[in-house]
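Number of protein chains: 2
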Amino acid sequence: MATERIQSVSLGKTSSSDFQPLVIIQFSTSSKQAAIEWLVAKLQATRASGGAELEVSTVVMHHNQETLLYVGGTTERLLLGADMMDMEKKYGDGNYREFSIHDAHNFLGSEDLDSFLTMAEKQKIILHEIEAVRATEEDPHIPGYENIKLYPGKSIIKKYQSRNILTTVFPIHDDEYLKKLGAEWYQMKHAFKQQPIDRIQYYFGDKIALYFAFLGFYTIALLPPAMIGIIYFVTSWESMYREAIFSVFNLIWATLFLEAWKRYNAELSFRWGTTDIVSSKFEEPRANFYGKIGRNVVTGKPEPVYPKWKRVARFYGVTVPVVAFWLVVAFYVMLGYFYLQALADKKYENDKSWFNMGVLYLPTAIYAIIIGVVNTIYRSVAKKLNDWENHRLQSSYDNHFIIKLILFDFVNCFISLFYVAFYLQDMTLLRSHLAALLITQQVIGQIKEAMVPFIFMRRRKRQVDELLKKTSTVEKVEYYNNEVDDGLQKQVNLETTMDEYEGTLDDYLEMFLQFGYVFLFSSAFPLAAVWALLNNVTEIRSDAFKMCKVFRRPFAETASNIGAWQLAFELISVMAVITNCALIGMNPEVKKLLPTDITPVNTVLIFVLVEHIILAVKFAVAYFIPDTPKWVQVELARVAFKSKQALHKERLDASTAKRLKVQQMMSKDMAKQTSF
Amino acid sequence: MATERIQSVSLGKTSSSDFQPLVIIQFSTSSKQAAIEWLVAKLQATRASGGAELEVSTVVMHHNQETLLYVGGTTERLLLGADMMDMEKKYGDGNYREFSIHDAHNFLGSEDLDSFLTMAEKQKIILHEIEAVRATEEDPHIPGYENIKLYPGKSIIKKYQSRNILTTVFPIHDDEYLKKLGAEWYQMKHAFKQQPIDRIQYYFGDKIALYFAFLGFYTIALLPPAMIGIIYFVTSWESMYREAIFSVFNLIWATLFLEAWKRYNAELSFRWGTTDIVSSKFEEPRANFYGKIGRNVVTGKPEPVYPKWKRVARFYGVTVPVVAFWLVVAFYVMLGYFYLQALADKKYENDKSWFNMGVLYLPTAIYAIIIGVVNTIYRSVAKKLNDWENHRLQSSYDNHFIIKLILFDFVNCFISLFYVAFYLQDMTLLRSHLAALLITQQVIGQIKEAMVPFIFMRRRKRQVDELLKKTSTVEKVEYYNNEVDDGLQKQVNLETTMDEYEGTLDDYLEMFLQFGYVFLFSSAFPLAAVWALLNNVTEIRSDAFKMCKVFRRPFAETASNIGAWQLAFELISVMAVITNCALIGMNPEVKKLLPTDITPVNTVLIFVLVEHIILAVKFAVAYFIPDTPKWVQVELARVAFKSKQALHKERLDASTAKRLKVQQMMSKDMAKQTSF
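Just so you know, the sequences run in chain order A and B. Take 1 as the starting number for the first sequence in UniProt numbering and just add one per residue. Take 1 as the starting number for the second sequence in UniProt numbering and just add one per residue.
What the hints contain is simulated information worked out from the structure, not anything from laboratory work. Backbone N, C-alpha and C fix where the C-beta goes; we use that ideal spot for every residue, glycine too. Any given hint could turn out to be false.
Facing chain B, a subset of chain A residues (Cβ under 8 Å, in silico) [what the hints assert, rightly or not]:
#	residue
1	299
2	600
3	634
4	637
Derived lysine-lysine pairs resembling DSSO-like cross-links, with alpha carbons at most 30 Å apart [claimed, not checked]:
#	chain 1	residue 1	chain 2	residue 2
5	A	644	B	159
6	A	630	B	384
7	B	180	B	193
8	A	618	B	193
9	A	490	A	179
Produce the complete structure using the sequences and hints provided.
Structure, rendered in structure tokens:
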């Protein structure tokens, strides 16, 4: 039956040499043949018969019985997919519009339809089409797996994924483009150039490009505070205002940076045509979401339903106490650290040897490492809890995970600083402690992110050399349908050994904590911005290297902004106002500036007043700076105006015809009335 | 020439008795005949020749040479207008959609097309069509007024308005509907019933209905604080927690009220089909906006251009200093009041006679009156400044005016309370002063809003009686075109004498100040909510009475929310946290609750901490309560899903046809390529 369908599709093609594989589906070695064949048949079947109408070539590697599907599509099929997905493409007038096949010739670049869609877009369309293949009434279970039930409307590929019948679905890298991109992006000779953001977006999609744009923008924004930090460090200018000036500058700067980022973000969105994108209202349940089969209240389609009260009960009954427990652990780890530090201090005081001076720094180093360890454990706990909460939507799942991580990491990394600053009230200790934490974490981070990937890459090269031997010399590969080019076969084998890119979460989280270190206690350690700047210049390159060389290519994702992270950074900038005002208020030097006859209570009240004023100004500034640059607003209005005008012209032209119709209707009405 | 056009239009009509006048255009007695005739011709001309294609009857009253135009339109013309305006109407599936004539029979109520549009909608369409009549290249100036230049694309009616050639354009009341509406709405026997909000929206439009919905919702929200206030007043329960409990309750309540209002607002928007409405990006310049003729950057049409720097210079160079001056005046008036009060107190202390006891309350009464007087003067200054700033858009003009009024009224009304609370720190005085201000202002307000309209109405009745004599007995009215029914003629004469409704600004401002009185210092005067509640129960009825009996009918305006006022109320609720925490912190009773060995500085810090926590909780609550109720979200998603599904089905059906087309294009491409 499968071959029947394949033939019926093949008829439409001009020649089999057209076949360009774009997406790889990798099965586990234990996957049953029946399930694989059924999926292939579904992917090849016509859309009218519920298939995806894609081109599929099956490759079985005899040495390990692993099956790979190479999936591609004809140009017309991909264009139809772009139309169905409402993909935004550049129109003849230079603005983005939803692509429509009817109107295809009016879009830019439509002279050559084969290269009209970018590779990333084609891969995204294929993923969408693969996921849109659904079980029907006649598919009670996956062939070969009697116990894996299906219900009508369930995405088949998602079921395969959640039951581990297939390992991964990934898009193929474009080695040529990647080589050029890498040369511009992460090679050291370009260290002080802008990143090729538009090319990154072209290849990796909006979401990843936005991360790198944010990282670059933030790094440049660190320049002024870093310069002031250096000036403070090299000059011995002592003044009562010193810290206050730096703090106030930093608070204003952080606010302006976040506002400026929003504007730059709006500009990028405009350039990439994602301004109008909103996360879909009709988002499908996650692959791992489970529940009794019921009906979606919006679409009326059958899908698993999981009672809300159960999720709420799990969240408040288990998640909240567990997270609270780990926050307490973080707190005690911190207390333990200060106990150890006191011991070390005592030891050094009794015997000021070189050895004991080393011991003096030991507790902080240990603490920084323990923070990392606790963090790793907590993370796996948080992941399990998050899975267990059984969120229906991927976006809800992601947001709950982000909140869990942010909350814990914030406490884990900053609680000792708050303890030193506001409980011990020891400014010298705060400075050295902040410096130690920041620098240790950055060094660990750099090792993890720059050294490890490098080692991985070398290890992988070795593995691939072995693979190459297997595939080219032993020739144990079997093809069905279309032959796959040897070079491509090697490339795909290399890519299946690559790590999966886990998303931008960790990268943002690292920047979030760094932002906290730099701005929360800026008056205590002005050099923080310098260290952060140095770190980020390397970070950009090592992240870029990872994207190009270490990870399997991710599917391009649409995004118009950095989502929850904008709020997270803004929260830090609000907290920074409170912490910095408190730090300055506690500074005895600054208190000297006030009249001598002022009572301590009034001193506090003055600082509280100042804090409230700064917060009010901050909110007002954020409110009054438009989030979208004027020129982008004008351009957007122009597009909207043009399309409205076109619509109205059409209506005006048609109005005579319409009028006739209304008159007909009215005379019918009359006829009806008179017939009574 | 005019008659020619009229005849060409008349042909389309079945009989002249169909003519239903909906909108009145009233000319000044000094308006030149040529200008009137030209406008009539423009309104009657076909759309193809740049006219509005409306039905117009001209009525000249001989006793004062005043000219009135009665404007109406055929059903087909109005339906076409609804289509062009993208008016939202209820579709067959119960949801709102942009009305389209093509699809007219699928909308609810389309069996009888004459009554398909409501009267308010018809009037709105006519206003829109009147305003859309624009000058062409052949209209260099208004006929009869050589010096009033026109430029191509200028709305002719707006030019007439800005140059006072016409007095007003207003829609006619529907006496029958209004009688029923009034019976339900403001008659005292319905004092404790819900307002007929949907019927208000039907008759007056969204904007006014939203004001009354807000007023009603807020009044109900005052019930719990008022009840607690009464309990506190009648019981002598004394506790150290008394004020603290009431304050905390009020803070939570204010936050919840504002969030709940947003949800109710979303529900109303959904019910009225205004959810998707955004203030137009292509809003036209205000009638009174002036400048050199340039081009609109978006539409490319000619329109006046006024350099931004001039407006900024006027704003910062003149407006800001003048407003600051008036704020200082308000401050000195307040100081003067306390000086007078001190004098009165002294007099009473020296001689505790009944007379002097009266004198004791005199300064507060005088102050309340002076506040009103200063306010009136400031308002006319603010109006002039706002006009002079020459804002291009009506929305920008309105917002600047609202900000000017809110800022001043806030200072003018509340500065004395802040002075007493935080400078004098006299809680007894705060209570009596707050009570005096609130009650005096409410009494004045009630007189202005309930008594004066009543008097006006009686006066107007007399005037109309006189008019009736003139029109019916002397018969000095001349008609052109269509005859106007005698009853209608009388009604219109009555309505021309009515006051124009100035918009919802004053009504919101009154509520805004009252909200401040109730929540900013709630721990000082728990009875405030009781007074506010009593006031508002009357306020609803007197405002309703004004809408129905005192004012000319306003054009229905579309709005999906209460705009800037939401933010203004939220700002007050944030300030209330600060003021109430400070008041409780200053309360010696509450301080007794803290450990006795605590330093004054730490006491302050504890209250600052509490304040920050309450603020954080408040923001979190506001963030996490969804602004739209779940069921509305589901309904909206359902509509969106259905239309998307319909679109996709259409596309799927057409895909075979499309495919052919693409194949044709591709073979053409091939042909091109081979021809090289």
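Hint check, residue 634 of chain A versus chain B [nearest Cβ-Cβ separation less than 8 Å] | 5 Å, holds
Interface hint compliance - residue 637 of chain A to chain B, C-beta minimum distance less than 8 Å | 4 Å, holds
Within a Cα-Cα threshold of 30 Å, do residue 644 of chain A and residue 159 of chain B meet the stated pairing?
-> At roughly 25 Å apart (the allowed maximum being 30 Å), residue 159 of chain B and residue 644 of chain A satisfy the hint.
Straight-line Cα separation of residue 618 of chain A and residue 193 of chain B no greater than 30 Å?
-> 44 Å, violated
Does residue 600 of chain A pass the interface hint, meaning its C-beta sits closer than 8 Å to a C-beta of chain B?
-> 5 Å, holds
Tell me if residue 299 of chain A is really an interface residue toward chain B, meaning its C-beta lies closer than 8 Å to one of theirs.
-> Where the cut-off is 8 Å and the nearest Cβ of chain B is about 5 Å from residue 299 of chain A, the hint holds.
Does the structure keep residue 630 of chain A and residue 384 of chain B at a Cα separation of 30 Å or less?
-> Cα-Cα ~28 Å, so holds.
Holds or violated: residue 180 of chain B with residue 193 of chain B, Cα cutoff 30 Å?
-> Given pair residue 180 of chain B, residue 193 of chain B holds - Cα atoms ~15 Å apart, limit 30 Å.
Would the pair residue 490 of chain A and residue 179 of chain A pass a check requiring their Cα atoms to be no farther apart than 30 Å?
-> The given pair, whose Cα atoms are some 17 Å apart, holds under the 30 Å limit.
Comparing the model with each earlier hint shows a violation of hint 8 alone; every other hint is respected.
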